[in-house]
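Protein sequence lines correspond, in order, to chains L and B. Reminder that position 330 of the first sequence reads as 330 in our numbering, one-by-one numbering, no gaps. Reminder that position 59 of the second sequence reads as 59 in our numbering, one-by-one numbering, no gaps.
Simulated from the structure, these hints should not be mistaken for laboratory data. Please note that the accuracy of each hint is not assured.
What the hints assert, rightly or not - Derived lysine-lysine pairs resembling DSSO-like cross-links, with alpha carbons at most 27 Å apart:
#1 L:21 <-> B:100
#2 B:77 <-> L:147
#3 B:77 <-> B:100
#4 L:287 <-> L:340
#5 L:287 <-> B:9
#6 L:100 <-> L:90
#7 B:368 <-> B:9
#8 B:96 <-> L:96
#9 L:96 <-> B:34
#10 B:340 <-> B:351
#11 B:235 <-> B:21
#12 B:368 <-> L:139
#13 B:100 <-> L:90
To be verified - Simulated DEER-style distance windows between Cβ atoms:
#14 B:124 <-> L:104: 43 to 49 Å
#15 L:13 <-> B:281: 24 to 30 Å
#16 L:187 <-> B:204: 26 to 32 Å
#17 B:285 <-> L:367: 22 to 28 Å
#18 B:121 <-> L:311: 23 to 29 Å
#19 B:92 <-> L:366: 51 to 57 Å
#20 B:204 <-> L:402: 30 to 36 Å
#21 B:333 <-> L:177: 29 to 35 Å
#22 L:366 <-> B:201: 48 to 54 Å
#23 L:83 <-> B:203: 56 to 62 Å
#24 L:121 <-> B:59: 50 to 56 Å
#25 B:121 <-> L:367: 15 to 21 Å
#26 B:280 <-> L:104: 34 to 40 Å
#27 L:281 <-> B:312: 34 to 40 Å
All values reported here derive from a predicted model rather than from experimental measurement. No residue lacks a Cβ here, since even glycine has one placed at the ideal position from N, Cα and C.
Number of protein chains: 2
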Amino acid sequence: MRQSQLFTKARREAPADEVSKNAQLLVRAGYVHKEMAGVYSYLPLGLRTLNKIVQIIREEMNAIGGQEMVMTALQDKDLWSRTDRWDDDKVDNWFKTSFKSGGETGLGITHEEPLTRIMTEHISSYRDLPVYAYQFQNKFRNELRAKSGIMRGKEFLMKDLYSFSRDEAEHDAFFARAREAYLKVFQRLGIGDQTYVTFASGGIFSEFSEEFQTISEAGEDTIYVDEKKRVAVNKEVCTDEALTKLGLQRDDLVEKKAIEVGNIFNLGTRFSEPLGLSYTDETGAKKPVVMGSYGIGPTRVMGTIVEVLADEKGLVWPEAVAPFVVHLVSLGKGGDEISKTSDALYADLVKAGVEVLYDDRDLRAGEKFAESDLLGIPMRIVVGKEAVETGMFEVVNRATGEVVKKSHDEIF
Amino acid sequence: MRQSQLFTKARREAPADEVSKNAQLLVRAGYVHKEMAGVYSYLPLGLRTLNKIVQIIREEMNAIGGQEMVMTALQDKDLWSRTDRWDDDKVDNWFKTSFKSGGETGLGITHEEPLTRIMTEHISSYRDLPVYAYQFQNKFRNELRAKSGIMRGKEFLMKDLYSFSRDEAEHDAFFARAREAYLKVFQRLGIGDQTYVTFASGGIFSEFSEEFQTISEAGEDTIYVDEKKRVAVNKEVCTDEALTKLGLQRDDLVEKKAIEVGNIFNLGTRFSEPLGLSYTDETGAKKPVVMGSYGIGPTRVMGTIVEVLADEKGLVWPEAVAPFVVHLVSLGKGGDEISKTSDALYADLVKAGVEVLYDDRDLRAGEKFAESDLLGIPMRIVVGKEAVETGMFEVVNRATGEVVKKSHDEIF
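Bound-form chain L, shown alone (with noise of 0.2 Å):
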């Protein structure tokens, strides 16, 4: 894509209104646009980088045997009342608004009670399990403070997979391999080796869930990390006999400020038993499902790459989600050598399929190579007079500042 086209502009300043690095950062650089406190709206270059993390993510649910369909925002007060969270004492982040033909909803803060009541309608028996289901999908969660950009939004994209077993056997291979695929996500997502598997509070149905916790002082929560054996303990669990229990020693564990990009939890009964999702087994006797819940929001893992990674002259985005591959930077003014060296490259690297950003723009080199850091693509090809006179272009790793010199045909 030209950039002379690209509507968003970049800033020189951050914005004031915003504390957290993630968000000065993605303002900045035209990523994303601050509605009210909490709330984010995704401009090009951002919904190019999200959509790559959900195209991750999809990737590999639909390898652990996920099917992906998409629920709504609006939900039935009756089928929230039936589990008990409704009420606000019980659940206090619900946007709650009514029907002009009567009745009270409020926007879905997660989704177990909808699927859970979809699922009575398509489970029976114990052929039709286990089954496994998601969604891409907006959560909407009232907050009080929202003080961590795009990490915690009022309205945010979840990836929300939920598991439907015949018994805790089957539910505990499940829940394995979804712990692989998540640390598969995250080391795709190019932050693998900052993700512990982290063990939290359970719930009813297991003593401890799990958390998967990104090592960064922007983190909401404390973790206490053994690096040898690439686990974590969370905080609120971190006693002496939870440590017995999961077999770490005190003396291994190192405190660390993380963010949650992911969590798994067994839920047991807790839904399918107030809402009747059951099935007949072999011998024909009537059982609650086993249910999971596994999430990781792509908008909160988008901040948190931006708060691992960048650095101090901006973004800096793995290849795997950044908005475009090269960032192709002419130094030329309009008609010039340069500029039509640098058409002519733009098409062969269109031709070739790389996702190119071309700064055909007519600005000084400065303030473009200032912008290119700011963006944070991961290649950047500069065509000056060097490339016109010598054939070689300058190729900068935005990651590592590493500079090289390459032939047209070195880059292809």
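Given chain L, put chain B in place with the hints provided.
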């Protein structure tokens, strides 16, 4: 995909609470689930079809220079107050709610206001124009009645594109391109022949807006169609005066019921003036930006395709939007020769990149065929005894009912 793995099950009976044909069939076939009146979740087959509709629209919007982004459902009351569209006596279908942190908010019914505000940060000079930005995003409209299935939801997907132009001439040129792009979209979606550009009431800035109306008895609109000129006039504006202006003769018009599947509006400076979206022209003069809006509801389009093309046996999808292109129906039972032949053909189809739903379940042939008709996948390939014995497969065209025999090689 193997149908034994698909979690949805088709139903024999239409749900008692649905009056519209589209919802009756889509619920029966397991494409959608009704959460509440006018609120539908999209199950795996439904989401596949919806995503194909979305992708066709996306390609045509990109082809006319659209830049994709995505805005939020939560809306800023102050912003909408500035254009006088916040009060319920001005706009009567808001869902309103409030922040725990204080203040009211509403769920986006449309997005002129937030996008105009975003553009004030990116447009300042004539060099920044024109800009065309669009999104696929869920709208919320607090409809009093919801009886048209997925065609009029309280929460529904919308593609809304907004144009930002220097002047009326530039606007008009794009408006004409958008009209052509829309006609192409409906052609690709398989309802082109039934869809007419229809003149409707225009608002402040132009005498007429243009709707895209698809002829259907399920339509809520009445239009007068000139079939030779392939244009129509909405009843609401079909006066003698209007007909004269449009160069149409009343005698050439036929009254029809129709579904509004798209619309394009000249917004003039209705939003740019109150929200301060202006630019400096070549002479240094400050001018308000001229805007247009261009909507298509992918979910409504999906319902319309059902209304127009479905028959007494069930859904009928055009290939471009079908969840799968081939429905491979095996009449075998676990492990017999028919199953083996089916498995082999399935493997070959998958390898060839054909989107195939493989009915590998152990059910009676009649049940399988009835369900196959209900699902509406364009091409059914039946593997029975004959296929094993002669190598010829029965290939059924869902839309026409035409049956032909094809060898393995003829299928590919």
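Hints, one by one, checked against the model:
For the hint pairing residue 21 (chain L) with residue 100 (chain B), the CA-to-CA distance comes to about 25 Å; that is within 27 Å, so the pair holds. With a C-alpha separation of about 21 Å, the suggested pairing of residue 77 (chain B) with residue 147 (chain L) holds against the 27 Å cut-off. A C-alpha spacing of about 15 Å is found between residue 77 (chain B) and residue 100 (chain B), which places the hinted pair at or below 27 Å, so the restraint holds. Under the criterion of a C-alpha separation no larger than 27 Å, the hint pairing residue 287 (chain L) with residue 340 (chain L) is inconsistent with the structure, at around 71 Å.
For the proposed pair residue 287 (chain L) and residue 9 (chain B), the alpha carbon gap of about 20 Å is at most 27 Å, so the pair holds. Of the pairs offered as hints, the one joining residue 100 (chain L) and residue 90 (chain L) holds, with about 26 Å between alpha carbons and a cut-off of 27 Å not exceeded. At roughly 12 Å between alpha-carbon atoms, residue 368 (chain B) and residue 9 (chain B) fall within 27 Å of each other, so this suggested pair holds. Between residue 96 (chain B) and residue 96 (chain L), the direct Cα distance comes to roughly 8 Å. Compliance with the 27 Å bound is thereby established for this hinted pair.
At most 27 Å may separate the alpha-carbon atoms for a hinted pair to count; residue 96 (chain L) and residue 34 (chain B) meet this at roughly 20 Å. A hinted pair counts as satisfied when its Cα atoms are at most 27 Å apart, and residue 340 (chain B) with residue 351 (chain B) qualifies at roughly 16 Å. Only pairs whose Cα atoms come within 27 Å are accepted, and residue 235 (chain B) paired with residue 21 (chain B) is accepted, the gap being roughly 24 Å. With a C-alpha separation of about 38 Å, the suggested pairing of residue 368 (chain B) with residue 139 (chain L) is violated against the 27 Å cut-off.
For the suggested pair residue 100 (chain B) and residue 90 (chain L), the alpha carbons sit about 15 Å apart, so the restraint of at most 27 Å is met. Checked against the hint of 43 to 49 Å, the C-beta distance between residue 124 (chain B) and residue 104 (chain L) comes to roughly 45 Å, which is consistent with it. Range check, residue 13 (chain L) to residue 281 (chain B): about 27 Å between beta-carbon atoms, so the 24 to 30 Å window is met. Distance hint check for residue 187 (chain L) and residue 204 (chain B): the Cβ-Cβ separation is about 55 Å, which falls outside the suggested range of 26 to 32 Å.
For the pair residue 285 (chain B) and residue 367 (chain L), the supplied restraint of 22 to 28 Å holds, since their beta-carbon distance comes to about 27 Å. The hinted range of 23 to 29 Å is satisfied by residue 121 (chain B) and residue 311 (chain L), whose Cβ atoms lie roughly 25 Å apart. In this structure the hint that residue 92 (chain B) and residue 366 (chain L) lie 51 to 57 Å apart at CB holds, the actual value being about 54 Å. Checked against the hint of 30 to 36 Å, the C-beta distance between residue 204 (chain B) and residue 402 (chain L) comes to roughly 57 Å, which is inconsistent with it.
Checking the proposed 29 to 35 Å range against residue 333 (chain B) and residue 177 (chain L) shows it holds: the Cβ atoms sit about 30 Å from each other. The supplied range of 48 to 54 Å is met by residue 366 (chain L) and residue 201 (chain B), whose beta-carbon atoms lie about 53 Å from each other. Taking 56 to 62 Å as the suggested C-beta distance range, the pair residue 83 (chain L) and residue 203 (chain B) does not conform, at roughly 46 Å. In this structure the hint that residue 121 (chain L) and residue 59 (chain B) lie 50 to 56 Å apart at CB is violated, the actual value being about 35 Å.
Take residue 121 (chain B) and residue 367 (chain L): their Cβ atoms lie about 18 Å apart, and the range 15 to 21 Å holds. At about 49 Å, the beta-carbon gap between residue 280 (chain B) and residue 104 (chain L) misses the expected band of 34 to 40 Å. Distance hint check: the CB atoms of residue 281 (chain L) and residue 312 (chain B) are about 39 Å apart, consistent with the given range 34 to 40 Å.
Of the numbered hints listed earlier, those contradicted by the structure are 4, 12, 16, 20, 23, 24 and 26.
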